[in-house]
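Spelled out, the chains give:
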Amino acid sequence: MRIKVLQFLLAIGFLFLALGLLNVQLIQGNKFKDLSNKNCIRLIPQMGTRGRILDCQGSIIVGNYLSYDVMILPQEVDHLDKVLISVSGILGVSPKDLKDSYKSGFIAPFAPVTIAQNIDMHKAIALEELKLDLPGLIIQPCPQRSYPYGRLACHILGYLNEIDRWRLTKLADYGYKIKDIVGFGGIEEKYDYFLHQKEGGLSVEVDHTGRLVRVLGFKPPQNGKDIQLTLDLKIQKIIEDHLIDRKGSIIVMHPYTGEIIAMASQPNFNPALFIKKSGPSISSLFNNPEAPLINRSISGLYPAGSVFKLVVATGALETGKINSAKTFFCPGSIHIGNQEFSCWGTHNQQNLREAITHSCNIFFYRTGLLLGAQLIHDYALKLGFSKATSVDLPYEAGGFVPYPLWKKIYRFKNWFDGDTANLAIGQGDLLVTPLQITRMMAVFANKGILVAPYIVKAIDGRDISHDQKKNMRLSIKEDTIDYIRQALRNVVADSGGTAGVLSSLSIPIAGKTGTAQVSRGQSHAWFAGFFPFSNPRFVICVFLEHGGPGQASCVLTKQIIETMIQEGLI
Amino acid sequence: MKSSTFIMAVITILIISIGILSIYSSTYQRDDQLWQLTYKRQIIWAILGLAIFLMMSNFNYRRLWDSTYVLYILVIFLLFLVFILGITRLGAQRWLKIIWFNFQPSEIAKLTMVIFLARYFSSKSIDDVSLLASRRGILRVLVLPFLFVAMPVGLIIKQPDLGSGSMIIFIFLAILYLSGVRTRYIIIFLLIGIVSLPLFWQILRDYQKDRLLVFLNPNMDPLGAGYTIIQSKIAIGSGGFFGKGWLRGSQSQLHFLPESHTDFIFATFAEQWGLLGSIVLLCLYYILIRQGIQIALRTHDAFGRLLAFGISLMLGIQVFINIAMNLGLAPVVGLPLPLLSYGGSSVVVTFIALGILANIDKRRAVF
Numbered sequence: 019m020r021i022k023v024l025q026f027l028l029a030i031g032f033l034f035l036a037l038g039l040l041n042v043q044l045i046q047g048n049k050f051k052d053l054s055n056k057n058c059i060r061l062i063p064q065m066g067t068r069g070r071i072l073d074c075q076g077s078i079i080v081g082n083y084l085s086y087d088v089m090i091l092p093q094e095v096d097h098l099d100k101v102l103i104s105v106s107g108i109l110g111v112s113p114k115d116l117k118d119s120y121k122s123g124f125i126a127p128f129a130p131v132t133i134a135q136n137i138d139m140h141k142a143i144a145l146e147e148l149k150l151d152l153p154g155l156i157i158q159p160c161p162q163r164s165y166p167y168g169r170l171a172c173h174i175l176g177y178l179n180e181i182d183r184w185r186l187t188k189l190a191d192y193g194y195k196i197k198d199i200v201g202f203g204g205i206e207e208k209y210d211y212f213l214h215q216k217e218g219g220l221s222v223e224v225d226h227t228g229r230l231v232r233v234l235g236f237k238p239p240q241n242g243k244d245i246q247l248t249l250d251l252k253i254q255k256i257i258e259d260h261l262i263d264r265k266g267s268i269i270v271m272h273p274y275t276g277e278i279i280a281m282a283s284q285p286n287f288n289p290a291l292f293i294k295k296s297g298p299s300i301s302s303l304f305n306n307p308e309a310p311l312i313n314r315s316i317s318g319l320y321p322a323g324s325v326f327k328l329v330v331a332t333g334a335l336e337t338g339k340i341n342s343a344k345t346f347f348c349p350g351s352i353h354i355g356n357q358e359f360s361c362w363g364t365h366n367q368q369n370l371r372e373a374i375t376h377s378c379n380i381f382f383y384r385t386g387l388l389l390g391a392q393l394i395h396d397y398a399l400k401l402g403f404s405k406a407t408s409v410d411l412p413y414e415a416g417g418f419v420p421y422p423l424w425k426k427i428y429r430f431k432n433w434f435d436g437d438t439a440n441l442a443i444g445q446g447d448l449l450v451t452p453l454q455i456t457r458m459m460a461v462f463a464n465k466g467i468l469v470a471p472y473i474v475k476a477i478d479g480r481d482i483s484h485d486q487k488k489n490m491r492l493s494i495k496e497d498t499i500d501y502i503r504q505a506l507r508n509v510v511a512d513s514g515g516t517a518g519v520l521s522s523l524s525i526p527i528a529g530k531t532g533t534a535q536v537s538r539g540q541s542h543a544w545f546a547g548f549f550p551f552s553n554p555r556f557v558i559c560v561f562l563e564h565g566g567p568g569q570a571s572c573v574l575t576k577q578i579i580e581t582m583i584q585e586g587l588i
Numbered sequence: 019m020k021s022s023t024f025i026m027a028v029i030t031i032l033i034i035s036i037g038i039l040s041i042y043s044s045t046y047q048r049d050d051q052l053w054q055l056t057y058k059r060q061i062i063w064a065i066l067g068l069a070i071f072l073m074m075s076n077f078n079y080r081r082l083w084d085s086t087y088v089l090y091i092l093v094i095f096l097l098f099l100v101f102i103l104g105i106t107r108l109g110a111q112r113w114l115k116i117i118w119f120n121f122q123p124s125e126i127a128k129l130t131m132v133i134f135l136a137r138y139f140s141s142k143s144i145d146d147v148s149l150l151a152s153r154r155g156i157l158r159v160l161v162l163p164f165l166f167v168a169m170p171v172g173l174i175i176k177q178p179d180l181g182s183g184s185m186i187i188f189i190f191l192a193i194l195y196l197s198g199v200r201t202r203y204i205i206i207f208l209l210i211g212i213v214s215l216p217l218f219w220q221i222l223r224d225y226q227k228d229r230l231l232v233f234l235n236p237n238m239d240p241l242g243a244g245y246t247i248i249q250s251k252i253a254i255g256s257g258g259f260f261g262k263g264w265l266r267g268s269q270s271q272l273h274f275l276p277e278s279h280t281d282f283i284f285a286t287f288a289e290q291w292g293l294l295g296s297i298v299l300l301c302l303y304y305i306l307i308r309q310g311i312q313i314a315l316r317t318h319d320a321f322g323r324l325l326a327f328g329i330s331l332m333l334g335i336q337v338f339i340n341i342a343m344n345l346g347l348a349p350v351v352g353l354p355l356p357l358l359s360y361g362g363s364s365v366v367v368t369f370i371a372l373g374i375l376a377n378i379d380k381r382r383a384v385f
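Note that the protein sequences, when read in sequence, are chains A and B. Sequence positions in the first sequence follow our numbering and run 19 to 588. Sequence positions in the second sequence follow our numbering and run 19 to 385.
Some hints here could point you the wrong way.
[Unchecked claim] Some but not every residue of chain A turned toward chain B, in silico, with C-beta under 8 Å:
(1) Leu24
(2) Phe26
(3) Ile30
(4) Gly38
(5) Gln43
(6) Leu44
(7) Leu53
(8) Gly81
(9) Asn82
(10) Tyr83
(11) Gly350
(12) Ser351
(13) Ile354
Hints listed in this document are in silico derivations from the structure and should not be mistaken for laboratory results. On a predicted model such as this, the values are computed, not experimentally measured, just so you know. The beta-carbon is built from N, C-alpha and C at its ideal position, and this holds for glycine as well.
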């Protein structure tokens, strides 16, 4: 009985298929034959627009504009040469070039070939008028990135380019395809998932002349989400203007929240170059030994110089190796082991506060030796060195703080007192990023909080600052912080302070200079500080690669703050 | 007396030859050398398959009874292995790489589950022709076997391979029905299945949801999931009554139709050979499956009988789902058409299944 039922079902099933075939091939056969013969279904892709990038006030840093591509549908073209000659007349490109790009782009008769990209609207309209006489010509609008401020904040933004093999293998699971345009570097890369648009399109039935008969289906394209940054365009503009023609990085950060208010890196690049795909100028960007594509603020690794003395000072006070009354005598140079270590001046007898004010090397050699290399390393890690700050920008470097065991294992050498002395003044194998220095300075500005820097404030209008990494209160005594804080003020306010240049500013500022010796060329110039002193609203770090003594950075800082005061931004 | 086996062998050779012609036609337009190799590889698979068919037809199927659990564990092991070592192709992790070819364990799983279920519902004694199911309670007849089935099905659906997974469920239902399980139980099982459908929907991947929704309305996403169905229907429909002739199918050869040599080979065939060819192909499949059922009906051994039914139905369901999917009458689930689609695993497993059928036919005389 049951067997009969199953046999019956089987027979019914096959009959169902036969009827289905009858329906598709005979009853609707002519319709499908038509569709097939004329290849009547056209897919018209429609691009959404990529999300914009805004500053903290909502002004557009990166937007979109409409450009047009010229495409040819091979199977509909009667005389290819005729089409190419007409197009070349309007575009001002030789027909031979067009023919070459047509040949290299040809895939199949039904697949449109792009022969020219990014033509402006006037030419597009002129070509649109030719379309009736030239079957097979397609003018496809496609949104492009616009950069109203040119190079401004280019490292933070990143640029757009065709997906490369490495990114494709990484992103294929998220629906990215070959030839997709994706972000490279900066926000464009880190937040590509939110920014990128989804392609939609129409499937339409057309007749043999290519005229639309009816729309078969429609999938609306989806626009990318706008991303708002914590960046303040006005301040960003000021720091970039001052950094122009120099090499280095400037960061302005909020001391309590870790919001990055401005971040510049020089040399920089023009992200719009990648839209025009002008080959030689792009390859010169990649081959430039100055590495203009690198964001020095987060990816550049440099010795910290005297700014690092604050780590030693914190460690020494916290562990009680010295107290605020302890003095050392600075004769100008001392012997450690059989090597001579010198100071940049002679400072005679002085305590820690004076040593910071004058940036005395001798004092810190001695303090460093008292503290020991391992403890310096530990306090450096506590203040956020040797690991990335996990700011929401890609390719952040972690930096490095050496310690005795490391030297033993990786260099097969013993750690000497000389190494400790070098580390104590921020030289040797120590490597930091400007952002790490900024963050350390923020600890003294906000009295003990290690902030997690971030730059994206909101996605698609939704505030995500609460989702960013949390700030961390460090277990450092209030006395220690207050003591160092006052020393930092003295650096500027004291007559002999290394940043005396800044004392004439109408706003009280505190900070520390640094002159990092390098094996080749001029030294790096550091200044990191915060202002106004009693109730800080900004932490600033000015770093000039091979910029000379720390003084150079102080002068630049002064000019920046003066401009900020003039424009009423403080 | 061997007429069933003989007819089966002839039809099988006919279908696989048609398949090779179709694969050739769907790939010969491609410039790539690799594509040109496709049909040659299929010829090798077919020859290998025939050898396996002859071997299996001389291999006493009763020995499968003893090794059922070993087979079952092996299949589960392979399915786990797919998770760890499997190669991902077209978004699914279904293949294991063995030396120079890729092998799809879910194909073996289908056949193994047929053998497993046939054994589960029959007794060892050859003389005891009655089936066990009608005498047992719901636990042993429904719950326990379902758990055994759910394990590989879960693993297969997770790959994700919705087609093969649901195939095994269909086979399970059919064997439940054939082995005399009370109708009441089957209805309970179906009801539970329907009630848990919304739950199941949550587990599906986005693209699987898309495909199911697109099945209801192919124009919803004409560029994405709906594209294949639309192109496949155009290919089949434009074939008309006589077809466009071999190597003249513009749809399949100009690559409008994706997967034209695997899951959508039927559309490739139907475009070139028209309604006439399609009906002939349908008849060939029908006769093949009927032979399987005839063999089952003539067998007195309960295990052999269920096994023969199971194999015939496995082929039947697969043919049905695949062609219906080509016609846009079933959702696109990624199931090959046995003997016609390109793919070594599918071809070899089908030949093994047919070989077992031939052997059941041969042993019948013994009892």
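Status of each hint after checking the structure:
1. Checking Leu24/A against chain B: minimum C-beta separation of about 7 Å stays under 8 Å; hint holds.
2. At about 12 Å, the closest approach between the beta carbon of Phe26/A and any beta carbon in chain B exceeds 8 Å, and the interface hint on this residue is violated.
3. With 8 Å as the threshold, the beta carbon of Ile30/A stays out of range of chain B, its nearest partner Cβ sitting at about 10 Å, so the hint is violated.
4. Hint status for Gly38/A relative to chain B: holds, with the closest Cβ pair at about 5 Å, below 8 Å.
5. Nearest Cβ of chain B to the Cβ of Gln43/A: about 4 Å, under the 8 Å cut. The hint holds.
6. For Leu44/A, the shortest C-beta to C-beta distance to chain B is roughly 6 Å, which falls under 8 Å, so the interface hint holds.
7. For Leu53/A, the interface hint holds, since its Cβ comes within 8 Å of a Cβ in chain B; the closest pair sits about 5 Å apart.
8. Taken as an interface hint, Gly81/A does not check out: its beta carbon lies about 27 Å from the nearest beta carbon of chain B, beyond 8 Å.
9. Interface hint status for Asn82/A: violated, as the beta-carbon distance to the closest one in chain B is roughly 22 Å, over 8 Å.
10. With its C-beta approaching chain B no nearer than about 25 Å, Tyr83/A sits outside the 8 Å limit, and its interface hint is violated.
11. Contact between Gly350/A and chain B, as hinted, is not supported at the beta carbon level, the nearest pair being about 67 Å apart and thus beyond 8 Å.
12. Of the supplied interface hints, the one on Ser351/A is violated, with its beta-carbon coming no nearer than about 64 Å to a beta-carbon of chain B, more than 8 Å.
13. Hint on Ile354/A is violated. Least Cβ distance to chain B is approximately 57 Å, over the 8 Å limit.
Of the numbered hints stated above, those contradicted by the structure are hints 2, 3, 8, 9, 10, 11, 12, 13, listed in ascending order.
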